[in-house]
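*Asks:* Heads up: the sequence lines are chains A and B, in that order. Residue numbers for the first sequence follow the numbering used here, so the first one is 21 and each next one is one higher. Residue numbers for the second sequence follow the numbering used here, so the first one is 21 and each next one is one higher.
Since the hints were made in silico from the structure, they are not lab data. Nothing here was measured: the structure is a model prediction, and the numbers come from that model. Incorrect hints may have been included.
The list treats identical chains as one, so a pair stands whether inside a single copy or across any two.
Computed list of lysine-lysine pairs in DSS-like fashion (alpha-carbon distance at most 25 Å, straight line) [claimed, not checked]:
# : residue 1 : residue 2
1 : 126       : 25
2 : 99        : 35
3 : 102       : 35
There are 2 protein chains.
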Amino acid sequence: MDCNKEILNDLDSLKDTLLTAATEAGATVLGESFHRFNPHGVSGVVIIAESHLFIHTWPEYGYAAADIFTCGDSVQPEKAAKILIDKLGAKNHSTVEIERGPLATKQSVLG
Amino acid sequence: MDCNKEILNDLDSLKDTLLTAATEAGATVLGESFHRFNPHGVSGVVIIAESHLFIHTWPEYGYAAADIFTCGDSVQPEKAAKILIDKLGAKNHSTVEIERGPLATKQSVLG
């Protein structure tokens with residue numbers, strides 16, 4: 021919340037941020053897909069071997085929601101979360117970690 | 021949980037299921053990206069104008085995790101969830117609905 025509104029509307033910057041967050045967290049990137057909305061807002065996903073990262077932005081509210089969904093022990097989702105919070109210039113944020121299913125996959129929910 | 025293991029490993033079937041769930045729920049599909057893992061498992065996303073649907077499958081455990089993330093009032097996430105549960109042949113499932121952020125976006129978390 022209370023993010024930099026220009027960054028939230030900059031598809032290339034958001035793509036770079038999500039890819040950086042994935043690799044810095046130790047994930048293996050398999051693919052990505054980003055979409056810009058009219059008049060504003062971006063949705064983007066990075067598919068990683070260990071699951072996915074997702075972001076949706078609402079620049080008009082300075083708000084972004086992101087998920088960092090990982091399985092296994094090789095990825096550090098909290099590192100990806102920190103990078104996202106920093107790069108989006110978020111003055112406020114909430115993070116919730118959810119363990120899911122019998123495999124104890126982890127989902128870090130931001131925003 | 022306790023899903024049909026063959027379906028969980030069938031990329032084309034899962035893609036069809038996720039796209040059907042999106043459109044039947046009233047969403048506007050913008051794009052999709054699916055990936056098959058070796059030796060088994062599929063990750064797939066459908067980007068919709070109202071956010072996204074995601075699925076990760078672990079056929080070896082008969083387990084799938086899915087998210088249905090929507091904003092606005094035009095999409096019925098519970099309808100998409102029901103379609104996923106039915107088509108995956110899930111004998112057991114858990115669903116959690118999370119409201120996120122100041123915009124009250126909704127995320128239905130399956131599995």
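*Asks:* Could you figure out if residue 126 and residue 25 sit no more than 25 Å apart (CA to CA) within one copy, between two copies, both or neither?
*Replies:* The answer is between: 22 Å across copies meets 25 Å, while 29 Å in one copy does not.
*Asks:* With identical chains, the pair residue 102 and residue 35 could be close in the same copy or across copies; at 25 Å between alpha carbons, which is it: within, between, both, or neither?
*Replies:* within (16 Å within a copy, 32 Å between copies)
*Asks:* From the Cα coordinates, with 25 Å as the cut-off, is the pair residue 99 and residue 35 best called within, between, both, or neither?
*Replies:* within (17 Å within a copy, 31 Å between copies)
Violation of the numbered hints given earlier is absent; every hint is satisfied by the structure.
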